[in-house]
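Chemist: Heads up: take any position in the sequence shown, counting from 1, add 1, and you land on our numbering.
Because the hints were derived from the structure by calculation, they are not lab data.
Careful, some of the hints might be misleading.
Pairwise CB distance ranges, derived in the manner of DEER restraints [to be verified]:
id: 1; residue 1: Thr182; residue 2: Gly301; range: 44 to 54 Å
id: 2; residue 1: Ala183; residue 2: Phe114; range: 16 to 26 Å
id: 3; residue 1: Phe184; residue 2: Glu118; range: 21 to 31 Å
id: 4; residue 1: Thr366; residue 2: Leu115; range: 49 to 59 Å
id: 5; residue 1: Pro265; residue 2: Pro367; range: 23 to 33 Å
With a Cα cut of at most 27 Å, we get these calculated BS3-like pairs of lysine-lysine [what the hints assert, rightly or not]:
id: 6; residue 1: Lys48; residue 2: Lys220
id: 7; residue 1: Lys139; residue 2: Lys63
id: 8; residue 1: Lys48; residue 2: Lys108
id: 9; residue 1: Lys139; residue 2: Lys112
id: 10; residue 1: Lys139; residue 2: Lys48
id: 11; residue 1: Lys139; residue 2: Lys56
id: 12; residue 1: Lys220; residue 2: Lys56
id: 13; residue 1: Lys108; residue 2: Lys139
Cβ atoms here follow ideal geometry from the backbone N, Cα and C, with glycine treated the same way.
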Amino acid sequence: QDASRCDKRADVTLMQLGLKVQRQAFGVGSDIEMRPIGRTFLSTDPKASAAFFIKYLGATEKQFPVCSGAERAAVSLSSELLLVFIKDDSLPAVVPDPGCLVSDAAKSVAKVFLVNESNYSSWMDNHDGYGYDFDYQKALEDDILVGVWDHNDGESKAYPRVYIPHTLDSLELSVNALDATAFQLAEFTQDDCRIQEDRDGSYSRDRANSEANELGWNKATFMSARPKDAADFAISVFGAREMTAPYPWPLQPGCTTAKWVSLPCGLRLHFVYAPEYERVPGFIRNFTDTVLSQRELEAGRFDQYMYNSVMFAVDSLDPIITRLRALALPFLLLAPGDGELALFVTVPGNDITFQLRSSHVSVATPQDIVMCTQMFDGATGGQE
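Build the full structure now, drawing on both the sequences and the hints.
Modeler: Below, the structure written as structure tokens:
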């Protein structure tokens, strides 16, 4: 796509929209058994995105029926996670243009490695933490950009990051420092005000308590316009527990801030706001508010940015819907097929979408909308 057209459309729209963000008062929810089952990704080249996981993480390709007006490719990772990459030209156009934004994200990450303009990009805050094996040797031979980010906060592990091609997301991979040195991965130090001293021991305890979940998919991190709103949502609706995030709160000039929570299933959710690494000042919140201004869940409108979703399986959607209604939060309920139901909800004040799959609901009726791209042939475990 034409770069100047993309830049002009995105920047003008983002900077001109002055939107009022509604904040919610949340109560505390009880635990609901939520089983992490995977993700869907907005991708400008689904086959290439899926091939990345097949080649470097040993994922297995999954075949789903072809959808008119859309492309999708899917993989199964370690027989545990379903990852679906989707490009859907059949949906109404949205601003900013997804193709332009994906291109912008890829260039932003590449500049960190190739131009050395910065030691980080806020786009890399969209990442999942994986304990799965990654073929570093093959990736480096293919000139895949893999780097290790250090915060100088006393961590014993190195945490490499790698961009997922043609998406708005990255992966954080766990290797020890010796392995990182052996592979000669590019090294970066983030100047993001990460707290180096743990005076009350709470951060160390939270880290220790989460060590058992280091294997497999252990966290989902989001570029968050409003981390506290996101954490409050997860606590109230999903029964999450707040963790101690090693960043200053409230936000300090030139610093990153964050809120961390842990779900009852063990998956950690990190909501990170890093304005010092934005593409232009104010971008994260302007982008978020622009997307949310076009989102109309209760009207049955599914937009392209909702393809970036974290998926969970639940026994019934009733408890979640009941809580959403009590908090006056909108949702979109679909019946994709094969007996599955899909509940989509957006985190208030953030472009973060969660998708819950089940075969049971009694307190709401699905919208009469057919979405082929959300038909996964029962692969999500939402069937009985």
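Chemist: Looking at the structure, which of the earlier hints fail to hold?
Modeler: When the structure is compared with the hints, none of them turns out to be violated.
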